[in-house]
Amino acid sequence: MLDLLSDYTIQTVAMGAALLGVSSGVLGCFAVLRRQSLLGDTLSHAALPGVCLGFLVAGTRDLGSILAGALVTGAAAALVVLALTRLSRLKTDAALGVALSVSFALGVVLLTYIQGTGNASQGGLNSFLFGQAAAILRSDLWIMGGIAAASLALVAALWKEFKLVSFDPGFATSLGLPVVVIEITMTVMVALAVVIGLQMVGVVLMTAMIVAPAVAARQWTRRLGSMVVLSAVFGTVAGVAGATLSATARGLSTGPLIVLAISAIVFVSLLLSPERGLLWEMARRWRDRRSLRGRQVLTTLHAMAAEHGDRSYPAELGSLDTYHGTDTRRVLARLEQRGLVRPVTHAPETTPHWELTPSGHVEARRLAADIEGHQ
Amino acid sequence: MTDQLHEPQLALHVEDLTVSYDGKPALWDIDIDVPPGVMAAIVGPNGAGKSTFIKSVLGLVKPTAGHVTIFGRPYGTQRRKVGYVPQRSSVDWDFPTTALDVVTMGLYGRLGWLRRPGRAERETALRALEQVKMQDFATRQISQLSGGQQQRVFLARALVQDADIYFLDEPMAGVDATTERAVVAILHRLREEGKTLIVVHHDLQTVKSYFDWMVILNVRPIAQGRVSEVYTADNLRRAYGGQIALIEREAFGADAANAAGSGEHG
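Chains as they are written, first to last, in my numbering: chain A, 1 to 375; chain B, 1 to 266.
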């Protein structure tokens with residue numbers, strides 16, 4: 001393990017993955033909260049033609065020009081989506097779909113064209129499809145780090161504006177905030193996060209790194225600040241785990257491994273998180289049902305006692321079971337623990353009988369009053 | 001350039017305002033004037049452009065023609081004097097934030113760029129929450145609040161704006177009777193402090209008891225002025241058309257029973 005950590009390539013890969021995780025985790029939160037998760041998908045697919053164009057212009061696999069190209073075509077795709085929704089009758093989802101497929105098709109054509117030219121330096125360009133962490137150089141880290149630092153600084157500086165525009169753009173407009181400019185800035189930042197992750201995760205799966213950490217983080221917290229921090233942590237953990245796995249086991253694409261890692265985090269979050277998690281929900285429903293059954297049996301006993309004019313009327317278990325259509329033994333045992341009922345014998349019958357204790361009568365009357373209060 | 005005031009004696013002055021969606025007019029050639037210190041109801045049938053009216057005054061919707069002044073100046077220069085309560089359903093209440101935080105958002109305009117809300121802003125927001133009796137819910141996640149509580153949080157956010165004129169979009173829609181009473185009490189207090197309130201309202205029955213000014217709108221302004229003068233069967237019939245049988249029973253049937261109770265403000 002220590003060997004692993006001191007390995008130069010692994011260090012580079014892990015640092016790159018951490019940069020990716022932090023930036024996409026933070027910037028993805030705003031995209032998810034503004035219901036723009038799909039925008040990340042379109043932007044990342046639209047980066048592919050940019051990658052190819054950047055390569056064609058520079059003539060080498062220089063990360064700077066490739067990322068610049070990706071940013072330009074990503075922004076162009078975002079503009080196309082905006083124009084389509086404003087000028088045509090297409091809805092946002094359809095416009096995003098159109099922009100995604102057209103630009104990705106364009107990218108794949110360009111990619112195969114470059115591969116056909118037999119340019120010696122094109123090797124590894126197709127690793128931008130699914131990501132190849134091992135191809136990252138120390139010098140690339142500076143570019144990724146620079147972009148990440150700039151976009152995180154922007155989030156810190158415009159924190160309250162981003163929050164307000166994400167939550168209530170109408171109110172933000174009434175305060176005089178330049179809402180359109182801020183929305184464009186947030187979209188550009190998603191494009192920046194995509195660009196940072198291109199080499200590591202690839203264009204096809206990059207959207208998962210935008211959406212998944214934010215979705216997982218949302219499950220655990222009620223505040224935007226802690227959601228953003230948690231999302232960054234989740235993104236980093238998944239990124240580093242996936243990237244190091246891929247760098248050690250040669251030949252495995254990095255992107256899918258990172259995405260599997262973050263998906264595991266999302267799965268656990270959806271299942272286990274307090275209040276919003278599925279298990280929590282199930283437990284709450286089960287508790288509700290159990291207490292409801294207890295109340296039902298209590299009211300039945302109370303009604304039977306009233307009908308017979310006998311406060312300690314012994315109700316036979318069989319008649320309770322028949323009335324409720326289910327086995328009430330365990331419900332009665334729980335009520336007994338709470339001191340509301342007690343088992344009695346009713347000679348000459350030998351079957352189990354139950355009667356209400358005085359506190360059981362009080363509780364049953366309280367329940368009845370509750371119900372009447374609601375009507 | 002000298003600072004020329006246009007109709008400065010009016011809290012809100014709207015002239016020739018036209019707004020259209022996809023070529024269809026939502027508001028057509030509207031002239032509306034509201035004097036300062038009144039609580040004005042904007043009423044009209046569905047699709048009459050009530051919300052559009054407020055949104056175009058606040059610059060959320062671009063008008064195709066016309067101009068708006070607030071206390072004699074265009075809205076852009078008067079933002080600090082304007083408070084806004086949007087429709088509750090216009091935002092996602094599952095957003096990860098607390099009631100106190102939402103109220104603090106009312107101060108963002110005054111804070112300006114790069115400055116973060118601090119202790120003073122927190123105090124102001126807490127006081128506003130107290131005014132709407134929501135102080136116990138300050139740290140509550142907003143999705144855990146009931147509809148009425150959410151509405152009060154929105155109202156508190158407008159209170160911290162400390163404005164002279166307030167625009168409220170259906171503040172009484174879908175809230176329980178207790179909240180409605182609380183909201184009306186707060187609005188009346190604001191009016192007593194000399195603030196102007198412009199409220200999109202959907203319940204004709206309560207117009208007479210809550211408001212002293214009203215504007216009846218149906219794409220065009222049908223009537224405007226003191227409630228005592230404007231609230232007539234004839235005006236309502238012109239705005240609501242075919243629905244009038246229902247309206248009359250609702251608005252005037254109840255009225256006969258408590259005729260003595262109306263017109264108590266002035």
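Source of the hints: derived by calculation from the structure; they are not laboratory data.
Careful, some of the hints might be misleading.
What the hints assert, rightly or not - Derived DSS-like pairs: lysine-lysine, alpha-carbon spacing no greater than 27 Å straight-line:
(1) Lys81(B) / Lys160(A)
(2) Lys81(B) / Lys24(B)
(3) Lys160(A) / Lys133(B)
(4) Lys160(A) / Lys24(B)
What the hints assert, rightly or not - Computed far set for chain B versus chain A, every beta-carbon distance over 12 Å:
(5) Asp22
(6) Lys55
(7) His67
(8) Asp94
(9) Asp101
(10) Gly106
(11) Asp169
(12) His202
(13) Arg220
(14) Asn235
(15) Gly241
Where is the CB? At the ideal position from N, CA and C, for every residue including glycine.
To see whether the hints hold, each was checked on the structure:
1. With a C-alpha separation of about 21 Å, the suggested pairing of Lys81(B) with Lys160(A) holds against the 27 Å cut-off.
2. Of the supplied pair hints, the one linking Lys81(B) and Lys24(B) is violated, its CA atoms being roughly 32 Å apart against a limit of 27 Å.
3. For the hint pairing Lys160(A) with Lys133(B), the CA-to-CA distance comes to about 26 Å; that is within 27 Å, so the pair holds.
4. Note on Lys160(A) and Lys24(B): the hinted pairing is violated, with a Cα-Cα distance of about 37 Å set against a maximum of 27 Å.
5. With a least CB separation of 10 Å from chain A, Asp22(B) falls inside the 12 Å interface cut-off, contrary to its annotation.
6. A beta-carbon of chain A is positioned within 12 Å of the beta-carbon of Lys55(B); the least distance is around 8 Å.
7. For His67(B), the requirement that its beta carbon stay farther than 12 Å from each beta carbon of chain A is met, with the minimum near 18 Å.
8. Non-interface status of Asp94(B) relative to chain A is broken: a Cβ of that chain comes within 12 Å, the nearest being about 9 Å off.
9. Listed as outside the interface, Asp101(B) is inconsistent with that label: its C-beta sits roughly 8 Å from the nearest C-beta of chain A, within the 12 Å cut-off.
10. Not every CB of chain A lies more than 12 Å from the CB of Gly106(B), the least distance being 8 Å, so the non-interface label is violated.
11. Separation of Asp169(B) from chain A is inadequate, the least Cβ-Cβ distance of about 9 Å not exceeding the 12 Å criterion.
12. Once the 12 Å rule is applied to beta carbons, His202(B) is consistent with being away from chain A; the minimum gap is 19 Å.
13. At roughly 25 Å from the closest C-beta of chain A, the C-beta of Arg220(B) stays outside 12 Å, upholding its exclusion from the interface.
14. Every beta carbon of chain A lies more than 12 Å from that of Asn235(B), the smallest distance being close to 30 Å; the non-interface claim holds.
15. The Cβ of Gly241(B) lies farther than 12 Å from every Cβ of chain A, with a closest approach of about 30 Å, so its non-interface assignment holds.
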